[in-house]
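S.K.: So for the sequence shown, full-length UniProt numbering puts the first residue at 1; every next one is plus one.
Hints are all accurate, no fakes.
List time: in silico DSS-like cross-link candidates among lysine-lysine, alpha-carbon distance up to 25 Å:
(1) Lys-72 <-> Lys-115
(2) Lys-72 <-> Lys-129
(3) Lys-72 <-> Lys-7
(4) Lys-115 <-> Lys-129
(5) Lys-7 <-> Lys-81
(6) Lys-125 <-> Lys-72
(7) Lys-115 <-> Lys-125
Think of the hints as simulated: they come from the structure by calculation, not from any bench.
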Amino acid sequence: MLVSTLKTELELDVWDRLEAVTDPELDEPITDMGFVETVEVSDARTVRVEFRLPTYWCSPNFAFLMAFGIRKEITSLPWVKEMTVHLNDHCFGDEVNEGVNSGRNYHDIFAQYCKGERLDDVVAKFMSKAFDRRQEVVLLGLQALGHRAEDIVSMPLAALQRIEFTGEEELRQMPRYLDLLLSQGLAVNPDDLAFPTWDGQPINAAALTEHLIHLRSTRINMEFNGALCRGLAKTRYKEVEIGPEGPTLVDFIAGRVPPRDGANAGR
Numbered sequence: 001m002l003v004s005t006l007k008t009e010l011e012l013d014v015w016d017r018l019e020a021v022t023d024p025e026l027d028e029p030i031t032d033m034g035f036v037e038t039v040e041v042s043d044a045r046t047v048r049v050e051f052r053l054p055t056y057w058c059s060p061n062f063a064f065l066m067a068f069g070i071r072k073e074i075t076s077l078p079w080v081k082e083m084t085v086h087l088n089d090h091c092f093g094d095e096v097n098e099g100v101n102s103g104r105n106y107h108d109i110f111a112q113y114c115k116g117e118r119l120d121d122v123v124a125k126f127m128s129k130a131f132d133r134r135q136e137v138v139l140l141g142l143q144a145l146g147h148r149a150e151d152i153v154s155m156p157l158a159a160l161q162r163i164e165f166t167g168e169e170e171l172r173q174m175p176r177y178l179d180l181l182l183s184q185g186l187a188v189n190p191d192d193l194a195f196p197t198w199d200g201q202p203i204n205a206a207a208l209t210e211h212l213i214h215l216r217s218t219r220i221n222m223e224f225n226g227a228l229c230r231g232l233a234k235t236r237y238k239e240v241e242i243g244p245e246g247p248t249l250v251d252f253i254a255g256r257v258p259p260r261d262g263a264n265a266g267r
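With the sequences and hints as input, model every part of the structure.
M.R.: So, in structure tokens, the structure goes:
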């Protein structure tokens, strides 16, 4: 039988890995959005993750992508023997749960339930929006540091990696932006341009302002959807009650405990 301290450590390991799973429409971790309801680790080191979405009718595309993302991240943990993902309170929950836990190829499952759509196509669509949002933060951060448009658009990857940001959002988005550059092959070598467009084209210095307007429109749309999702979730679900002994470390990681007054001042 797992001792309580080891069980807590393993559960925290799962929560840490779940931070890598994002809502594809919002590019925000499902842990930050409050979508993850429970994480259970059994004596046999099997894991069960239950999650929910803001409404009963949230897009099945999003539900599948998040469910597959959960399974991929958790099964990559070396100590996990088996795992189950369970979507609660959703009109497509049975299909998502059967599909993601069946062991079948996820492309086939997704096509079966989503009118023949290719999962790769859906992922690419939302990845491009995530790329725009992350790039905007880094570009604005460089402008705030006094970099000229000509220097920014010609900046190689190695030079960007040497930049020391201090802003909270820049520090959060910089590694995420670099991850996308690398994973998508947009900037791999030190001399590659650090700021290509999503389709791999360079940005002209004279067009940087216009490019930033495009990125801003993407961000505003994502932020609006994020605020809507949070509002719907708060309306649909009551706050999680903390036990009589007070919050645990997992409660803080899961976002179940509100910050102290003033903790988010200035954000």
